[in-house]
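With the hints as your guide, set chain W onto chain Y.
Line order of the protein sequences matches chains Y and W. The first sequence runs contiguously to residue 772 in the working numbering. The second sequence runs contiguously to residue 1114 in the working numbering.
Calculated from the structure, these hints are not laboratory results. Check the hints yourself; a few may be wrong.
The calculated lysine-lysine pairs, modelled on DSS-like cross-linking and capped at a C-alpha distance of 25 Å, are [as the list claims (entries may be wrong)]:
no.	chain 1	residue 1	chain 2	residue 2
1	Y	72	Y	499
2	W	651	Y	198
3	Y	153	W	582
4	Y	265	W	517
5	W	548	W	705
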Amino acid sequence: MATYLEFIQQNEERDGVRFSWNVWPSSRLEATRMVVPLACLLTPLKERLDLPPVQYEPVLCSRPTCKAVLNPLCQVDYRAKLWACNFCFQRNQFPPAYAGISEVNQPAELMPQFSTIEYIVQRGPQMPLIFLYVVDTCLEEEDLQALKESLQMSLSLLPADALVGLITFGRMIQVHELSCEGISKSFVFRGTKDLTAKQIQDMLGLSRPAVPIQQGRPLQAPEQPVISSRFLQPVHKVDMNLTDLLGELQRDPWPVTQGKRPLRSTGVALSIAVGLLEGTFPNTGARIMLFTGGPPTQGPGMVVGDELKMPIRSWHDIEKDNARFMKKATKHYETLANRAAANGHCIDIYACALDQTGLLEMKCCANLTGGHMVMGDSFNTSLFKQTFQRVFNKGFNGEFRMAFGACLDVKTSRELKIAGAIGPCISLNAKGPCVSESELGIGGTSQWKICSLDPSTTLAIYFEVVNQHNAPIPQGGRGAVQFVTQYQHSSTQKRIHVTTIARNWADAQSQLQHIEAAFDQEAAAVLMARLGVYRAESEEGPDVLRWLDRQLIRLCQKFGQYSKDDPNSFRLSESFSLYPQFMFHLRRSPFLQVFNNSPDESSYYRHHFARQDLTQSLIMIQPILYAYSFHGPPEPVLLDSSSILPDRILLMDTFFQIVIYLGETIAQWQKAGYQEMPEYENFKHLLQAPLDDAQEILQTRFPMPRYIHTEHGGSQARFLLSKVNPSQTHNNLYAWGQESGAPILTDDVSLQVFMDHLKKLAVSSAA
Amino acid sequence: MSVNQQAHTGPPYGRPQPGYQGYQQPAYGGQPLPGVPQLQYGAYNGPMPGYQQPAPPQGSLRAPSTSGAPPPASGASLPSGHLTYSPFGQGDVQNGIPASAAAVQRPPASQPYLPGSAPMPVSQTPTFQQYGPPPASVQQLSNHMAGMTIGSVAASAPPPAGLGYGPPTSVPPVSGSFSTTGSGLYTPYTASQGPPPTSVSQSLPLAQPPFPGAPRPPTMPGPPLPGQTVAGPPTTQPNHVSSPPPPSAMSGPQPGPPMSGLHGPPPPTHPPQPGYQMQQNGSFGQVRGPQANYGGTYPGTPNYGSQPGPPPPPKRLDPDSIPSPQLNELPPQQKPRHRIDPDAIPSPIQVIEDDRSNCGSEPFVTGVRGQVPPLVTTDFLVKDQGNASPRYIRCTSYNIPCTSDMAKQSQVPLAAVIKPLATLRPEETLPYLVDHGESGPVRCNRCKAYMCPFMQFIEGGRRFQCCFCSCVTEVPPHYFQHLDHTGKRVDFYDRPELSLGSYEFLATVDYCKNNKFPSPPAFIFMIDVSYNAVKSGLVRLICEELKSLLDYLPREGNMEESAIRVGFVTYNKVLHFYNVKSSLAQPQMMVVSDVADMFVPLLDGFLVNVNESRTVIASLLDQIPEMFADTRETETVFAPVIQAGLEALKAAECAGKLFIFHTSLPIAEAPGKLKNRDDKKLINTDKEKTLFQPQTSFYNNLAKDCVAQGCCVDLFLFPNQYLDVATLGVVTYQTGGSIYKYAYFQLETDQDRFLNDLRRDVQKEVGFDAVMRVRTSTGIRATDFFGAFYMSNTTDVEMAGLDCDKTITVEFKHDDKLSEDSGALLQCALLYTSCAGQRRLRIHNLSLNCCTQLADLYRNCETDTLINYLAKYAYRGVLSSPVKTVRDALVNQCAQILACYRKNCASPSSAGQLILPECMKLLPVYLNCVLKSDVLQPGLEVTTDDRAYIRQLVTSMDVAETNVFFYPRLLPLTKADVDSDSLPAAIRNSEERLSKGDIYLLENGLNIFVWVGVNVQQGLIQNLFGVSSFSQISNGLSTLPVLENPFSKKVRSIIDMLQMQRSRYMKLIIVKQEDKLEMLFKHFLVEDKSLSGGASYVDFLCHMHKEIRQLLS
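Isolated chain Y, as found in the complex (with noise of 0.2 Å):
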């Protein structure tokens, strides 16, 4: 018999989900008291070789309500070419195509292994991939010569049929037409004055069908509205004028006066590209890529205004609600993110710079649409540079990593109830008879908007079982839950990404045991943590800390074993151990403290913390730590100051941070250069194997993370302090003998007396 932690593997090989629970209580009021509710961690277009797309399209469940897509789980009479839906027991006949199934000749989604499944729609016009970039001129010369080159690389990296369009910005917005020979055109906007989508249409002249500047798409059908696509040109026409457009690129003329930021309308800017999309190439797959280098500073949208003598707004004063423009800007931005949302568009943010630029108020466009937020000192990095082009890296099969427009709509059988869903996606408000009263996240709903997603995309579905205490399951019985997810692709075709799962039922008073061993504490603590996170967004921090320790205590009381009042007798099952540690350096991490974190950062990091797949969220929650040293092979150590020791050389990875840390005595060693010499080649070896595993690790991530090369003692040591648990700290330090790790200076709790404390209050019969 598989073990869970091998079912829990092979389904999330094959499906893209993990569920906190395999096993799911059959009430109700068990599964409340469960803590952790039944939710799922969802990645629809995990990569799989071996699953090709199937070239027709999915048979649905006649019940308009209803529209399951045949599957396996479905029962099937070959004789009369009928099939029960799974979900609503609808009764439904194959289509003519379908004649002649038999039970040894089955389509593939009828087969067990094919429960996720992709089915190519041939029909309807296939559009091209666009891309919209927005960029800032108000850059220091160095940062925009580097952003010039990346751009004018990216463009060899688009497909040669995508359509591209160019927006500049600095104190006015230039959309440039590409379309033109000759004289360079573009149409100037000022950034101080908001705009309707119809009146930004009106003037960039697209209101009405003018001459069409047919650019060869003769795929285009006869519904498909001609455009005047003057602004978005494919890049195979126009890549050398745009790379020369490129190039003349000039830094925002206007002159910033001593004391002054320069005047940046990236409200405007964004509000146009979304109103040309929006004008132009609605329900199209399509990202605006903004690169900015500031904060904006005029017109809707404004962070900060252009005295440098008023900073950007901190924690501090969003607190003591200091902070004037953040709520308008805010809500313009927001408004902005619901628009491109709606059309599909989605709307990347790549801001460079060392001071805030406004992610807080910003991020927003990037959450609802499914975009990317890159947070870099300059874009004269590689952080930047190497991230942006990861951007359009291709997958195995040599396709873009990219997905767009995705809708994903979720069934399930009548026993659950959808509560929300928290990731990249906006909620389609479709009312159904599965979505459950309560919200979870993004709730009220049972189809969500996802305008752009990658294969690590991961979304976060929370569950209500909705079955009634007195109204048992029959024994055996399963619930299921469908995923259709209908996307285009980046090859421009529709898909539809159907996966759809079951897991057995099972009373929780009779089948504890069952229910506990089938916890995925990983996934339970990802889901717990976007809940957190969520919550977050829109409470003060130490109530959303309460609310976590109350379930984490909660969760204790109810599947830890103890003797009342005996903490010393507590203790958890398997499945259930490594749950409090990631609780704990939960709360530590940047996601809920923001302490030390800008408003920007805290929302670039709970931005990614959103939308990475398990393994990648954990990472975040807990960062990996390996050390490298003479002893042995590399090994993963505790992420504790006590695994920091003279003769080890650690390897941290936070996600958004690599650190190399080399110990005292290996630092001393290679300020000594003995590595330079031959005799002492395997110190050479050791040195180089961090960076050789550090670079595996930069190469494939998104966003690239940020490489630190530190030592004993160096500051930028402080990342590395700043994760561990402080075990060890001024003030036990001598209680744990001095050869045995480094001291960290801090009053924050260690893991040991969090894990008292939670003892002590699990065990506490006043709870």
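Quick look at chain W alone, frame taken from chain Y:
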């Protein structure tokens, strides 16, 4: 001049004249000159009859007389035609005359002062004598009519007149013309007139003959008669609606008989001829031109020639002396014939000619206070010796009444027409630039007047007393200088500000906006690229032209290249800005479609130095026509275009000029959007004024902003339909810009005109961000201003731009007494930024005399300037009052002016006599031209836009421009001497002066007409048009072919010369006689009755006389 000719034609026309319109045709068509003339004569003669007798002899000269017979006929006919007239003439005339002045008004025509006599003598005493008698009668007649003593006073004034009289001198003319007045005059007159009478009669009838006489104002004699006749002159009467009754009959008959009678005599004429000539001579020594014509007909011609000489001497100037009694006596007889001989009434041509010959040769030295300068039509050199050149400032009067009571009594407006940046003749020196160092120009402490030649240094030179406010100011140490024994500073001649009337100061930073020295100005070219503009080829044309034109931007003095930067914008419904930075390989276009909230999308690269960005600009100008070649956009915006230019200048922190090339009514959705509100039905209603007012106040506010920034707007309009010039022009007008309008622009025909205008406009000297203030001696104060500018307070005239053609008319009013001793001083200070960005002050000083006698005032007036003022005043009036009110007010004011003169300055004479001050004898004719102008009396074919355009145009015209605009110059081309550079002598603007065997040129500053008579010799037609016959000249021709023959060359060189003289390139229109276009041409024959109801000169003169008499009684 042409007089003679006119005479000739006259006859033919003459007849027609009666009928007027009818005239020409009949006349032309038929006639063998001779025959016709005669007839005509006859007609005229009709009236003359009485005269005839006396005249007869002369009449004979008229040969005219020949017409005698015919005349009657014609006369008869005429009368009928003129029924109206006759009523007048007769009724009034009769009344007037007989009744005597009071009743009768019209007649006035009048009299030459002595001149008449003078001439007479010259010519031939004997004749005179003969005439003498007759004349008397004649005169009497005339007197009866209303002896018009034209310019009697003047006459007296102009002693020169005496000389002048001699027809030759200009002065004389005056008196000459009028001379008639005195009985004495009479005699002379008579004498002269005697002949004249005949002639007169004839002339009147003939028109032409008279002309000769008439022109020569001197001939006055003639005039008087004519005057009477005039009164009679049905023609006039028609205009004057008032007198109605019998006339027709009267005239009819009267003419008839008399005519015949006359004629009869005339035949004998031979003798008369001499007399005639005399007269003519008197009038025109020069008759020559005419003579030619006459030549054939009248032997007289030759005489004329000779005569001229003689006439001059004889003149007498005693307008006053003219015995009115006699006149009265005469009247009865004459009554019947009321016609005024057009030749006998003051002739602008003659006045101009006389002034030219009097003043043209000597430089005008400005050292003397209150000196009246030569007329604007005279080409003279100015030497600045302490007063500003008349090219800079002209006044309506150089002798100002000491008290406001006097001023009010005379009703003569006190105004100065100032053209601060006027172009001088090459021989004259530009104002010197004076630098008073860091502390800036030395000024009076109290009134802030600038140091000038009239400041009085006292206390050994340590202080100076202000000549304007008498305040004493310390001389700054660095400016101190000792005085010589006369109290003059020792450095008097070293310092322009102490010795010259005009000079410039270098302004210090205190005189600059925001206390910052200005940057060099910029020119922004804003081109309409909507469908119409592209399709007509305009866009391509402009772009081509700009390529070369940009090398001729105005430069300061000796600078190598112009400091002016340029920028380019194109627009239709949206605006396209161009980045033409020198570092770019290709220009960049930036489209701003947010027209509701205009801004400038770029900072760098919009305004560039032409040389640095030459290739990029060239590339841009090459591409603009291509880019919009396929445009289908027909809608345009306008206000945002100006806003864009304004914003661009603001961003660049400089002043500048926008050149906007615009084609249509801005109906696209944007601020300043206009609707078509043209409505011809409003004409002659109380709402007519709305046609001149802007539709919306939006543009006024915009103009204000433009002025604040120093953004001057020049507008080139190419409308195919109504585009509301009244509204579009508001900003241009208030910023000191110019409007150019090319209706129905067609590449082939209008290209040259447009390009020449554009070149001139771009190249001409211009100042920016200007503020002008006029300071005056205590006692008078500048109270009203006319011109293209903006005023934010009551004293400072602000102009975003001021070029060398822009003129500001300033009116002064008394607020205290002036003294004869100290006179009155004007100081016009103009603060502006030069085209190189230098801040300067240009100062013009002018000293005027003051008088306690009204006669002095009337003796030192300048009619051209007065008309300039009156026209501007009236043109402004139409904005707020019904046009009729404005017209009435004008007439009334002039009547008051003349009445005041008559009452206070002229020697007592019959009320029936019209006596005009010498300096103002042309006032009636010019005033009539103003009244008949398109703004005040629109013809059917005149569009609302045209009127608004002209209204704005006139408002910033200088005196020379208004002069020719209102009284166009008519040149007989066939009389031109192909071997000399000179222009042929001008003739009066009347159809009767045209001979159908000749080719004429008429110019008014906006248009040039070349009128070709039906009977022009084929050779001339071949030479000029390259076709073999009249009928082969294509209609609507607008250019003359370039042909290698003396005549063609001469004509083209004349046209070129005229084009050079005007600030705008005139539209050339070739008009064939009897062609449709002739209507257009006739509109400019301002002495004739106009189709739209404007009175003929003669009629108007009668009307004025009536008005005056009413005032006097």
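Each hint tested on the structure:
{"no.": "1", "hint": "Y:72 <-> Y:499", "in the structure": "holds (18 Å)"}
{"no.": "2", "hint": "W:651 <-> Y:198", "in the structure": "holds (20 Å)"}
{"no.": "3", "hint": "Y:153 <-> W:582", "in the structure": "holds (21 Å)"}
{"no.": "4", "hint": "Y:265 <-> W:517", "in the structure": "holds (23 Å)"}
{"no.": "5", "hint": "W:548 <-> W:705", "in the structure": "violated (32 Å)"}
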